[in-house]
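Colleague: I would like the entire structure built from these sequences, with the hints used as guidance.
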Amino acid sequence: MHRQTYADGILPVKLIMLGEDMAKAKLDILYPCPDTIKINFSGQWQTGRQIPSRPDIEKLTQDGAIRKLQFESNGLTFWDSSVVVFVSGILKQCEPAGITVDQTGLPSGAKRLLTLASAVAPKTGADKNSDADQFLARIGDKGIQVHSSILMTFEFIGDLTLSFGRLIRGKAHFRMADVYELLQECGWKALPIVSLISILVGLILAFMGAVQLRLFDAQIYVADLVAIGMAREMAPIMTGVIISGRTGAAFAANIGTMQVNEEVDALKTLGLSPIDYLVLPRVLVLVLMMPLLCLYSDLLGLAGGMAVGIGMMDIPYIQYLEHTRQAVDITDFSIGLVKSVLFGFIVALSGCLQGMYCGRSASAVGLATTSAVVIAIVYIVVADGLFAVITNMIGI
Amino acid sequence: MHNKTQTKTVPHITVSNLTMTYGDYVVIRDLDFTINRGDVFAVMGGSGCGKSTLMRILIGLKSPAKGSVHYQDVNFWEMSESGRNKMMQRMGILYQSGALWSSLTLAENVALPLEQYTCLSKNGIREFVTLKLALVGLAGFENYYPSEISGGMRKRAGLARAMALDPDVLFFDEPSAGLDPISAKMLDDLIIEIKESLGATIVIVTHELPSIFAIANNSIFLDTATRTAVAAGDPKKMLKTSNNPNVIRFLTRGDKIAKQ
Ligand SMILES: Nc1ncnc2c1ncn2[C@@H]1O[C@H](COP(=O)(O)OP(=O)(O)OP(=O)(O)O)[C@@H](O)[C@H]1O
Ligand SMILES: [Mg+2]
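Listed in order, the protein sequences are those of chains A and B.
Here the numbering used here is used: position 135 in the first sequence is 135, and no number is missing along the way.
If you count the second sequence from 1, you need to add 396 to reach the numbering used here.
If you are wondering where the hints come from, they were derived from the structure by calculation, not from laboratory data.
As the structure is a prediction and not an experimental result, all values here were calculated from the model.
Don't be surprised by glycine CBs; every beta carbon is placed ideally from N, CA and C.
Wrong hints could be hidden among the right ones.
[Claimed, not checked] Incomplete in silico selection of chain B near chain A, CB under 10 angstroms:
1. R452
2. I455
3. K482
4. M483
5. M487
6. Q492
7. Q512
8. G554
9. F567
[Claimed, not checked] Taking lysine-lysine pairs in the DSSO-like style, the calculated list, with each CA pair at most 30 angstroms apart, reads:
10. K518(B) with K268(A)
11. K268(A) with K591(B)
12. K462(B) with K268(A)
Modeller: Structure, rendered in structure tokens:
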């Protein structure tokens with residue numbers, strides 16, 4: 001950009017054609033008088049090429065005699081930001097050492113850039129992360145973060161409860177059209193993937209059981225294994241995981257983008273509660289649809305297991321069905337359904353929460369989406385564990 | 397809004413002793429100004445001085461750290477949330493990005509406030525929407541989605557939505573940012589037109605000098621360095637009388653530096 005001595009445009013080619021040696025960036029340190037050092041730039045200073053390392057001003061001025069610093073750049077054939085960065089680094093060292101810097105020897109463009117860079121003083125008063133790299137401070141920060149995210153979640157659940165109250169009193173505003181769309185999104189549009197996963201899980205359970213049970217010549221119990229496994233555990237968990245990846249992520253991305261585009265602000269300033277308008281329909285729809293999806297997954301999982309049992313292990317059809325009927329009763333299915341309602345709530349909550357508290361940038365939306373899925377899956381598994389303990393304690 | 401008996405003596409918006417912060421970071425402290433009914437009030441200042449933050453406080457999206465905002469004689473931030481929501485319905489806001497709801501068509505965007513807060517029939521709403529979109533020059537675009545129109549059109553559609561409920565006071569965050577000079581001028585004319593026909597008070601955050609001088613009759617200048625308001629009043633007079641170098645530099649695009 002500052003190639004005054006050459007005709008526009010031809011310079012880079014010309015320099016590349018020069019011998020490596022001539023083009024090399026060089027730096028000499030001279031002592032014109034006892035209290036002055038002079039830094040002499042020469043050769044071709046270009047970003048991305050080898051550049052001399054920055055002299056240590058502190059060492060050079062150790063004896064205290066040196067009070068002034070000058071530059072010389074007559075031998076400089078080409079320069080770019082690398083010189084500016086180099087010099088501003090030196091300036092930073094000189095300031096605390098109390099050395100006066102005379103910039104006259106620098107190329108005039110570089111001087112201008114240096115002035116420009118120091119024209120606006122860095123933002124002060126905010127003290128962002130000043131001590132964040134201290135170990136204890138970091139632990140403290142983390143603790144505060146966790147604390148505030150827990151508070152945030154409770155606040156959100158509280159808001160949601162209030163909003164539910166408004167719904168019951170007929171005062172919550174949302175568009176029915178949105179609800180229909182959500183119902184489709186979490187309903188039949190999710191069926192293909194739920195079908196695929198459920199059948200495969202049924203197959204896997206059956207195969208896994210078959211290998212072990214064959215040792216005891218008890219292959220018929222594959223039917224029990226598949227039925228109980230699907231009804232109590234696998235159907236709700238797998239639908240939960242699928243829906244969190246499919247719908248929970250979409251919730252977070254959707255609401256997060258609205259946050260970035262100020263659409264959520266536009267709702268608020270209209271006096272519409274974003275919780276009523278955006279969150280409530282999503283939570284209701286998922287809580288409603290998850291048990292249905294779970295039931296559907298139960299059936300397909302059983303079918304998958306049956307395909308293995310009858311098709312590959314030659315268990316008679318009637319016998320397999322009879323075993324299935326004896327193995328599970330309405331309690332097992334109900335446990336699965338209750339879980340799926342809870343999982344639906346977890347997925348919707350984490351998706352909407354991450355979306356609502358999303359920052360105001362595109363990367364924040366990505367982050368919100370990822371956390372929505374991760375958090376939902378973690379809580380689904382934790383909740384499932386609690387369920388296992390509780391049902392075991394009360395013996396169902 | 398067309399209530400002409402309103403006493404002229406009470407300013408429409410009174411801001412006193414307002415301090416805005418993000419966490420510990422003070423953006424602006426001790427802000428005092430008044431906006432009269434029917435004013436076009438410009439909020440000026442360099443980038444990052446807190447103009448948008450001030451606007452968020454005025455429209456109820458962010459609470460002030462200290463001080464108060466009065467609309468006529470009601471203290472906006474001391475009210476109950478539902479009271480504040482009621483007041484917010486009387487404001488029209490044009491956001492910097494337009495902030496149209498992307499899942500709704502332009503007509504649905506304009507219709508939503510009407511559906512919520514009026515008892516108009518479906519047909520009545522449709523007529524209203526057609527009128528408002530026509531006012532901003534978007535007749536015939538009823539069934540377009542925000543993603544299908546240009547940035548300038550989005551701004552205008554946002555304006556149509558902001559005007560849906562015939563607001564008392566309109567807020568604009570950098571309305572002409574990202575528009576070509578002609579569209580910007582057209583938007584200015586539109587704003588003036590709306591002000592005169594609706595009689596609304598207008599608060600406008602802007603960097604555009606031509607529009608500041610063309611439409612604003614009152615203003616405030618926020619300064620990043622001192623974190624206070626350093627000048628207030630009619631921008632044309634401010635240009636003549638102010639001796640704050642930052643103000644003069646801003647108003648003359650740096651051509652003239654204050655004498656001292
Ligand atoms: N969410 C936030 N958290 C922390 N600090 C913020 C936040 N938003 C803005 N700030 C800080 O507050 C100050 C004022 O920001 P604001 O957006 O109000 O500026 P502005 O005057 O609108 O600037 P511009 O003209 O560039 O839009 C800035 O210094 C910014 O760093
Ligand atoms: Mg702004």
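Colleague: Please go over all the hints and tell whether each is borne out by the structure.
Modeller: Each hint tested on the structure:
1. Because the closest C-beta pair between R452(B) and chain A is about 8 angstroms apart, less than 10 angstroms, the hint holds.
2. Hint on I455(B) holds. Least Cβ distance to chain A is approximately 5 angstroms, under the 10 angstroms limit.
3. Look at K482(B): its Cβ gets to within about 7 angstroms of chain A, closer than 10 angstroms, so that hint holds up.
4. Satisfaction of the interface hint for M483(B) is found here, the shortest Cβ-Cβ separation to chain A being roughly 9 angstroms, below the 10 angstroms cut-off.
5. Among the interface hints, the one on M487(B) holds; its C-beta lies about 6 angstroms from the nearest C-beta in chain A, closer than the 10 angstroms criterion.
6. The closest approach between the C-beta of Q492(B) and any C-beta of chain A is roughly 7 angstroms, which is under the 10 angstroms cut-off, so the hint is satisfied.
7. Hint status for Q512(B) relative to chain A: holds, with the closest Cβ pair at about 6 angstroms, below 10 angstroms.
8. Look at G554(B): its Cβ gets to within about 8 angstroms of chain A, closer than 10 angstroms, so that hint holds up.
9. A cut of 10 angstroms between beta carbons decides the hint on F567(B): the least distance to chain A is about 9 angstroms, and the hint holds.
10. At most 30 angstroms may separate the alpha-carbon atoms for a hinted pair to count; K518(B) and K268(A) meet this at roughly 24 angstroms.
11. The suggested pairing of K268(A) with K591(B) holds, with an alpha-carbon distance near 24 angstroms, which does not exceed 30 angstroms.
12. Restraint check: the Cα-Cα separation between K462(B) and K268(A) comes to about 22 angstroms, which is no more than 30 angstroms; the hinted pair holds.
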